[in-house]
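Protein chains in written order, with the numbering used here: chain A, 1 to 251; chain B, 1001 to 1281.
These are computed hints drawn from the structure, not numbers from a lab. Please note that the accuracy of each hint is not assured.
Restraint-style ranges between C-beta atoms, simulated for each label pair [claimed, not checked]:
1) A:G5 to B:Q1274: 53 to 63 Å
2) A:P111 to B:H1141: 49 to 59 Å
3) A:G5 to B:G1028: 56 to 66 Å
4) A:R86 to B:V1030: 27 to 37 Å
5) A:K250 to B:V1194: 31 to 41 Å
6) A:G13 to B:Q1094: 49 to 59 Å
7) B:G1195 to A:H251: 32 to 42 Å
8) B:P1241 to A:K250: 42 to 52 Å
9) B:A1229 to A:R86: 33 to 43 Å
10) B:F1023 to A:A90: 24 to 34 Å
One side of the interface only, derived from the structure: several residues of chain A facing chain B at Cβ under 8 Å [as the list claims (entries may be wrong)]:
11) R156
12) M157
13) W249
Straight line, CA to CA, 27 Å or less: simulated DSSO-like cross-link-like pairs of lysine-lysine [what the hints assert, rightly or not]:
14) B:K1102 to A:K250
15) B:K1119 to B:K1102
16) B:K1119 to A:K250
For every residue, glycine included, the Cβ atom is placed at its ideal position computed from N, Cα and C.
Residue strings, one per chain:
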Amino acid sequence: MSSQGRVTAWRVGIAVVVLGAWEGGVAAGAIDPFFLSRPSAITARVAAWIMSGTLWPHLWVTLEEALLGLAIGGVLGIAAGFALARAPLAARVLDPYIAMLNAVPRVVLAPLFLLWFGLDIWSKIALAVTLVFFVMFFNTLQGVRDADRALVNNVRMLGASERQLVRHVLMPSALTWILSSLQSSLGLAMVGAVVGEYLGATHGLGYMIAQAEGTFDTTGVFAGMTILSIVVVVTSAGVSRVERRLLRWKH
Amino acid sequence: MRQTQGFMNRPIALELDRVSHDFRTSDGRVYRAVDDVSLSISAGAFVAIVGPSGCGKSTLLNLIAGLLMPTSGRVRVEGHDQQGLNRRATYMFQQETLLPWKDVRDNVALGLILAGLSKADAHARADDWIARVGLTPFASHYPSQLSGGMRKRVTMAQNWILDRPQVLMDEPFSALDVHTRQLMETELLALWDVGVAGTTRRTVVFVTHDLEEAIALADEVIVLSAGPASRIVARHAVSLPRPRDLRELRTTDAFVELYRAIWSVLRGEVIKSQASVGAHV
Ligand SMILES: Nc1ncnc2c1ncn2[C@@H]1O[C@H](COP(=O)(O)OP(=O)(O)O)[C@@H](O)[C@H]1O
Ligand SMILES: [Mg+2]
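Excised from the complex, chain B in its bound form (with noise of 0.2 Å):
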């Protein structure tokens, strides 16, 4: 039997132990983007963090990543202190991040070639995985002869290929169009379902503003409070059955009650995250 809600005692893959990380601004003052986050997350589980724009989602994942260090507090990934880059864990960013002069065969086969891997294996396994994500035709091309869409398929090729256990995405379809983001979304879970191997799931934390795209997704989703000094504010099981039909989901009376209970608590962020702006402006 498929195993969905068993999470809960398997091993822990990402801990943050209080973290806090401070920028400093263009005009010398320091900025707290997240405060005194603690937060664990089991092998194989889905994460969704939600939170207003600008309350530091994205600082959290480049905290996982290890692209910055906290300031204060630990990062701790698969029980070990985290020392550099999180070399677990893929990272999808919010931006483009396709290399322009690559084309697709090479940009998903990237990873590969800087491991060392032969060209020849290399491209091997980037036509598998052009395959899966239904660009073959496309091989050839690069990146600005592609679709927003096309675009983020490769990316997640890019990424999946080199089985890492964990998976940091940021906002990665808040570009695209309603249906092929639902498209997309429903080829992630797909992906995921598989995992490495064909048996362990990987990790996902995936960061949206999208509060119907998390519940979606996830098995837990996770919100953070508006900015400056961003705090966890709810943690929220999904316990939405899987596989899930993301187009029938959002109209089921479970994925509403989630829904009005969740966007209870994130309705009063935005708005205070409104209001900051609005004070700035």
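Chain A on its own, in the form it takes in the complex (with noise of 0.2 Å):
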């Protein structure tokens, strides 16, 4: 058997393994649904809600949330890394402002951001822009950073000019950062999102997700949290592909 294919072998195995025992502990009386719901349960109600359609309105806002969110602060971080990579006098001087911001805990700000920006879509966009823009800024400024003296050097006794240096090299050398971070900063964005429509919202898969809370109904809990989970993994795995086109010359 291939290596790939004994690799998907065993995740099938350890997914029929704990989904089994999960379904088999409750059918024995060993897990009270209530607290902990069941595999058949959960995939029911996720069938239930595609098939009546109450589920893409709810999705569609979150991705929409997301995605911008990854936008806004994906720009934005990339420009503050650049700037603040181009002039080091005022990176040393902002620097533990930087690490202040960064350090506040983003579900405080939430009530904050649901006050000043109302209960649709704005609040959410902004809690996941404070969270992709840190990683993105620290990637950006690492990468620019990074880049080797040896190609900054060779391109400028080619000729470049400092804009040049900056297409030719800087950008390239620190693409490779900022993309091995979009994983991470897509699944952040997602949190912001569904973590902003948890604290108050009218739609979104953190909002099904307070509610089913809100009655006791772990079923639709957990249908959220599954729902939230194949989303990421399929969206990383479009990311993943972008990353390894822009990235053909590494191998």
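Take each chain as given, in its own frame, and dock them per the hints.
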């Protein structure tokens, strides 16, 4: 069997064992489904949400918030990272402030954003932005600083202006770092969107989960989490395809 | 007739006038790498600089390139005091400097693109140079897909495509195996011999720690002393006829004689540098 085949077999095996034990535990009376629900009920709930169409508007809102948060946080983070990497003095001055801002727990910000931006998508986008921004910022900063001095000197000797240096060396060099953080940034953007919805919204996966919790509907909570996980895994696969394409020179 | 030895009465391409350079080390002390070096190099000459490793050869090239400013003294390029980077020179660094995200064609064309040529023109000229260094089938490969010798060829094309009159090279072939190395040296001499637009030869400053390589290639070998405060301790003219057959050259009497003479100076510096390295460890 190929190594990929073996990996897939193990993956499926683990899922079967865990879900089987869970389902069997409930059937045998060892697990109380009130607290933990059961795989069959969760699957049925997910299927029902899909069939009835109730899922789509919520899923769409969450995706919209996460993707906008990723885009805005990404652009701001990359721009700030470049600016500070090219201005070492400013970077040194601002360093403690950046560390302080990054230390603020984002959950604490959520109610403030609700107050400032209202119940609709912008408060969630703001939360996602605060999460994505710092990851992108630090990676860009590191990527630019990490650019090989010999490459920089060579391109300068070949006649590059400051702008051309950014375009031909610093950007592509930082891109490796930026792309490698894109997966985690995407996950964080989803977290930002869902946490925001969870604390106050009228739509979204976080809202669905919060509604289910309000009625002690554990099956609904697990169904919401399942959908969230699937969405993150699928979008991450898309991101890693983009990453491989852009970094094809590495192989 | 081919003119090989007449470069002494050509105009001066590069001039170092009592140049010194200090580095500030990480523990805050001052380290004098190069001390009071004066040197003038005629246009079209092939000059090799040898010295034990760590003596300041790269520092000297960086000063000529304008990547470093002398702590005291002056660098003059074609009679003008150097300001900023030396735009008359290309520089082949000791490290790998091809951009890993550009393929061979884009790497070779880079200097032309930076100078504002259209992509089509730059690529057409790059393809000529890729053919000259024998890499046409690899034009669309990325550097990571090439061997070390191929990457050096691409780097050479990337530099020489610019037709600049001065060429700085820092131990360009030291990472290659013996055979590839001799091949590259031969190609280098052939390229140099053709000159810019088939007429004037480029001025080459070639740094190496290998005395054989220095003698085989150069018109003149300059020996630097062991650091710190490296100075020029000897200059030897190499009057071996050109074109040179590098496969045979090293066993000729004239070569061996020169080697002995220069080595008697260099040897002492190498021993000194090893002693001082030993003392630090
Ligand atoms: N940026 C630097 N800071 C401090 N010391 C340096 C720096 N660059 C080089 N040196 C020191 O200067 C000396 C000469 O270095 P270099 O010119 O690279 O030698 P070579 O090329 O002959 O091997 C070495 O002892 C090296 O440690
Ligand atoms: Mg060196």
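A quick look at each hint next to the structure:
1. The hinted window of 53 to 63 Å between A:G5 and B:Q1274 holds, with their beta carbons roughly 57 Å apart.
2. The hint said 49 to 59 Å for the Cβ distance between A:P111 and B:H1141, and at roughly 56 Å that hint holds.
3. The hint said 56 to 66 Å for the Cβ distance between A:G5 and B:G1028, and at roughly 60 Å that hint holds.
4. A beta carbon spacing of about 29 Å between A:R86 and B:V1030 agrees with the range 27 to 37 Å that was offered as a hint.
5. For A:K250 and B:V1194, the hinted distance range of 31 to 41 Å is satisfied, since their beta carbons lie about 36 Å from each other.
6. Taken as a hint, the range 49 to 59 Å holds for the pair A:G13 and B:Q1094, whose Cβ atoms sit roughly 53 Å apart.
7. Separated by about 40 Å at the C-beta atoms, B:G1195 and A:H251 satisfy the suggested range of 32 to 42 Å.
8. Roughly 47 Å separates the CB atoms of B:P1241 and A:K250, a value that falls within the hinted 42 to 52 Å.
9. Our hint of 33 to 43 Å for B:A1229 and A:R86 holds, since their Cβ atoms are close to 35 Å apart.
10. For B:F1023 paired with A:A90, a C-beta distance near 26 Å keeps the hint of 24 to 34 Å intact.
11. Interface hint at A:R156: satisfied, since its Cβ lies 6 Å from the closest Cβ of chain B, which is below the 8 Å cut-off.
12. Taking 8 Å as the C-beta contact cut-off toward chain B, the hint placing A:M157 at the interface holds, the least distance being around 5 Å.
13. Evaluation of the A:W249 hint against chain B yields a held restraint, the C-beta minimum of about 4 Å falling below 8 Å.
14. Straight-line distance between C-alpha atoms of B:K1102 and A:K250 comes to about 10 Å, which keeps the hinted pair within the 27 Å bound.
15. Taking the CA atoms of B:K1119 and B:K1102, the gap is near 14 Å; set against the 27 Å cutoff, the hint holds.
16. Distance hint between B:K1119 and A:K250 is fulfilled; the C-alpha atoms sit about 24 Å from each other, no more than 27 Å.
In terms of the numbered hints stated before, the structure departs from none.
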